[in-house]
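Enquirer: Order-wise, the sequence lines are chains H and L.
Take the first sequence: its position 110, counted from the start at 1, is 109 in numbering that gives the first Met the number 0, and no numbers get skipped.
Take the second sequence: its position 152, counted from the start at 1, is 151 in numbering that gives the first Met the number 0, and no numbers get skipped.
Keep in mind that a hint or two might mislead.
Because identical chains cannot be distinguished in the list, a pair is counted as satisfied if it fits within a single copy or across any two copies.
[To be verified] Simulated crosslink set (BS3-like; lysine-lysine; CA at most 27 angstroms straight-line):
1. K276 to K289
2. K125 to K276
3. K11 to K312
4. K172 to K198
5. K228 to K172
6. K276 to K174
7. K291 to K172
8. K291 to K174
9. K125 to K289
10. K276 to K228
11. K172 to K289
12. K97 to K11
13. K289 to K174
Calculated from the structure, these hints are not laboratory results.
2 protein chains.
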Amino acid sequence: MEVLGVDLGGTKLALAVFSEGGEILSSESLPLGSRSGKEAGSFVTGLIRANLERARSEGLNIGSVGVSVPGISMVRTGTVWAPNIEGWIDYPLYREIKEAAGDIPVLIDSDRACSILGEVWMGNAKGCRDAVFLAVGTGIGAGILSNGEVLRGSDDIAGAIGWMALDRPFHSKYKNYGCFEYNASGDGMARVAREFLEKENDYSGMLRQLAPGTITSRHIFAAMDAGDKLADQVLGQCIVFWGMAVANIVSLLNPEKVILGGGVFGPAVRFIPEITKESELWAQPVSIRKVKIEASGLEGEAAVYGAGYLALKNPNALNH
Amino acid sequence: MEVLGVDLGGTKLALAVFSEGGEILSSESLPLGSRSGKEAGSFVTGLIRANLERARSEGLNIGSVGVSVPGISMVRTGTVWAPNIEGWIDYPLYREIKEAAGDIPVLIDSDRACSILGEVWMGNAKGCRDAVFLAVGTGIGAGILSNGEVLRGSDDIAGAIGWMALDRPFHSKYKNYGCFEYNASGDGMARVAREFLEKENDYSGMLRQLAPGTITSRHIFAAMDAGDKLADQVLGQCIVFWGMAVANIVSLLNPEKVILGGGVFGPAVRFIPEITKESELWAQPVSIRKVKIEASGLEGEAAVYGAGYLALKNPNALNH
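I would like the entire structure built from these sequences, with the hints used as guidance.
Expert: Here it is as structure tokens:
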């Protein structure tokens, strides 16, 4: 039996046919373009249909389809919420894909859930039953695996770790992001850099040359590589926040692994030793000694691997 | 079928025979005294044996025994770590109780795990599948129920929320307690009061009359009731920490209920509206709107109820 994994990102769509052993037998990746609402849905289901047909013609037996969505998958209703795809507020994705897949089972989960499943299947958390994927990109989220199962919470929105309170007192600027995300996501790094620029009047380095509104995390990493002291200060503060968040994951959940992924890790993987050191200050001492803190082993493909594993784990699929 | 629930506290032992419906058919409570090591073990097993015999003589059919321990229960080894009972570092409690119970199944879990199970069975989290018991006493811990199961982590030490990082930067004084517990456990309240006393030279109220080393959370609550402004300040800060911790539980785990229990809640239940308000500032907005934050519904008996439910949930017991 094979499975089809689909990673529906905010801007692109990746599909891969996996063997039960996790080998990619075929794959494709396409931009989602400006598609929104039902048009985005038809695009996805069309590609799933085409992939299932092609697999069948090649003599493959696709037992199940797994789909990763960039947002929240509501298991009870089969609908998804994906803020980056216009019109996908409570979108009936399950029903649409099920129609395309016929009698092949369909499983849908969030990208953060799929990312940790991917790491557990074929990445740096291979074989773990308790592991967390901390995704730091434009925003921040966590995929939590507990005793082999994705931790969903009562409304499928567990893992909203961008909202973690890490620094007293509350500031109203946290209101739309959460304290952790405000300070330490990709966009957060740029926000913090702008705040530092306002205070550091003596600074005239690389970041001062940019219009403040145009600064991104890329500029900050580049400035740091060039020895810029304000970029250094921003990243120093991010390392404290990332370390505190990792510590809180470890103390509360006692996982075997914490995987740092998302667009920022990426360039921030070089700081994992410093993040680990910061987390060691704060966390439960036995749990932090036992946990391993690592970069993603799948270089941006964790979610599509996880979608494949989601499909494979489905017990109905195994009887198919 | 009935079950026997045993709550082994640090200083006392409570036993109760429960019906399947959660009614207490008989119960007793005894001080553990100064018993330690094997002597404490024999005391516990002796009482379990006596309770099983009495139940049998009364025509009751005890299908299973559940035991709550004040520390950590290592499921794989059957041993427990209970810092308040001398010599119980890696103590073979399962083997000893199993010997006393004969062919009746025995289940052991931590007091925090049992507390949330008790609330789910017969307390304020009745019927919840995702709920958290935040126990604030001398120390701080959390019992986490996720999708109907106790969340254990990979070494049975999940829920060590006293170590939660809530306030930058790290201070070495947190080293033995964790940041949250240092600031907001029962003992933490006394520590913070002592720190405030050192700084507030103008203050000459009730707490100034005590030798600093003798101050306890009781004194602080009593001073607050009498309108003392330093006590007010201590509790104001605790409310912020409790609110941030509740927020982090809610954002990360998306539970239906957070139950506040332990010795401090108790007197601090009056602050639940203020704690809720603080947590609303920080937490994921949908999750915090849906969660209910409440006091324990079992007034200090959550763990013995939970031990009973632990026994009842054991599938072997149901076939007995």
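Enquirer: If a hint holds in the structure, say so; if it doesn't, say that too.
Expert: Verification of the hints:
1. K276 to K289: Classified as within: same-chain Cα gap 14 angstroms, cross-chain 36 angstroms, threshold 27 angstroms.
2. K125 to K276: within (24 angstroms within a copy, 41 angstroms between copies)
3. K11 to K312: Only inside one copy: K11 and K312 sit 25 angstroms apart there, 46 angstroms across copies, limit 27 angstroms.
4. K172 to K198: within (17 angstroms within a copy, 31 angstroms between copies)
5. K228 to K172: within (25 angstroms within a copy, 30 angstroms between copies)
6. K276 to K174: between (29 angstroms within a copy, 14 angstroms between copies)
7. K291 to K172: Classified as between: cross-chain Cα gap 26 angstroms, same-chain 33 angstroms, threshold 27 angstroms.
8. K291 to K174: between (32 angstroms within a copy, 21 angstroms between copies)
9. K125 to K289: Cα proximity of K125 and K289: one copy only (16 angstroms, versus 34 angstroms across).
10. K276 to K228: within (21 angstroms within a copy, 39 angstroms between copies)
11. K172 to K289: Classified as between: cross-chain Cα gap 23 angstroms, same-chain 36 angstroms, threshold 27 angstroms.
12. K97 to K11: within (21 angstroms within a copy, 57 angstroms between copies)
13. K289 to K174: between (35 angstroms within a copy, 18 angstroms between copies)
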